[in-house]
Amino acid sequence: MSDMIVWRPEDDPNIRPPLQEGQVNRPDILNVIETSIDGLSGELRMLSLDIHGNHRASIFINASYAHTSSKDHPELMFEEKYAHDAYTAFMEKHGFTVIKNHHLETAWVATYTHGRGGRVLGINSEMDALPGIGHACGHNLVGISGVAVAVAAKAAMERLNIDGKVVLLGTPAEEGGLGKVILYEKGAYDEMDVCLMSHPTPGPRHFISLTNCLAFSFITVKYQGHTAHAGLSPWEGTNALDAAVLAYNNVSLLRQQIKPTHRVHGIFEGNNWAPNIIPDQATMKWIVRAPTTAEMEDTGRRVTACFEAAALASGCKVQITATPTINEVTQNKALGDELADVVLKRYGAIDYEWGIKNASTDFGNISYLMPGLHPGFSIPTIPNGGNHTPGFTEAARSQVSHDACLVVSKALAAVGMRVLTDEAFFQKVKDTFEEDKKLRV
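Under the UniProt record's numbering, read the sequence shown as residues 1 to 441, first letter to last.
Derived from the structure by calculation, the hints contain no laboratory data.
It is possible that part of the hints are untrue.
To be verified - Here are the computed lysine to aspartate or glutamate pairs in the EDC-like style, where the Cα-Cα straight-line distance is at most 16 Å:
1) LYS428 <-> ASP193
2) LYS186 <-> ASP85
3) LYS186 <-> GLU175
4) LYS345 <-> ASP85
5) LYS333 <-> ASP431
6) LYS345 <-> GLU105
7) LYS222 <-> GLU297
None of the values given here were measured: they were computed from a predicted structure.
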């Protein structure tokens with residue numbers, strides 16, 4: 001990504017593109033959304049920083065809950081207990097019905113119903129951090145974006161007497177734990193007519209992006225050999241580390257023959273290794289990605305052959321385990337077009353090129369199962385400081401990033417409210433979803 005077009009902290013955050021002429025659908029609804037989210041900005045900022053942690057004292061206070069922490073507490077997958085408590089307290093304060101420990105220990109759901117009948121707007125808030133580098137994917141911003149959309153939708157439904165239901169789902173373990181897939185299988189998404197969320201990304205200034213994400217498979221490879229004294233009698237051993245090295249080199253050679261849009265990357269792991277002992281075990285963890293599920297599965301078969309060949313050459317046994325497939329994100333075009341309309345008329349520019357198109361997320365599976373939208377929003381980053389780096393961890397706590405998060409939340413809330421209020425639009429959303437299903441191979 002060129003430094004010339006990446007939004008850096010030194011850019012003037014007050015310079016915004018001129019608004020385009022024309023009104024959005026239901027400007028009365030958007031006015032309530034904007035007023036509501038702007039009014040909550042301070043509370044949302046405090047909640048975001050509290051979840052982020054980053055070696056600073058954190059204080060989150062509301063009418064019924066006070067929590068003070070003097071330590072860093074970004075939480076890894078399925079360990080998001082602090083975040084669970086902070087989010088559920090916040091949603092209870094703002095008038096939602098909350099179920100804690102919803103199907104999973106750190107999952108939760110907050111709902112609001114107005115009137116009788118109507119459609120159900122689903123929203124996701126993510127919570128987990130990354131090992132060693134905290135919220136380097138900005139899930140503190142993802143979390144408060146979901147909260148902002150839900151609270152703004154509730155405000156519009158109350159003030160304008162709009163029937164329907166809002167379901168905000170707190171989803172743990174996006175970073176490799178398939179939290180949303182597990183929750184879907186347990187029925188947590190059953191009520192939703194659509195599902196919305198957003199995610200921060202480096203990219204051009206003031207852009208909200210509608211790129212897709214890659215399909216994904218996580219593969220664990222375990223080689224089993226036989227230990228021996230590496231100096232005295234190495235011929236008695238079967239070297240599991242050699243098998244892993246062979247597998248790595250096999251995949252490196254394979255990369256020359258896979259498409260440039262595909263990704264294969266992995267790491268070594270081992271227990272109690274020493275240079276004077278032939279390793280009798282080695283573990284590798286791999287990720288295979290591609291633009292579609294079918295392409296990813298095809299490349300995955302070729303990668304698996306690399307692992308098997310290394311076992312044959314080294315004389316080791318191999319165990320290969322793959323997690324359930326993570327599908328590519330399919331952005332529902334009807335929902336995306338509505339988001340683009342709101343953004344272009346009110347907030348800035350739409351990006352169809354940058355975003356997080358070469359990343360992956362378990363939201364992809366949700367977008368396969370119901371109409372979904374997962375826009376990205378650009379936040380200021382340093383050179384080489386994109387997602388999953390310490391630079392992005394720091395960027396995710398900046399005031400400018402917070403402001404960008406609230407902008408995309410306003411636009412997403414407007415899209416969600418059109419789903420609740422416009423029957424013809426919702427039918428178009430459903431028709432688009434069915435058309436997308438037919439195109440999958």
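Legend entry - Enumerated hints in conflict with the structure, sorted upward: 2, 3, 4, 6, 7
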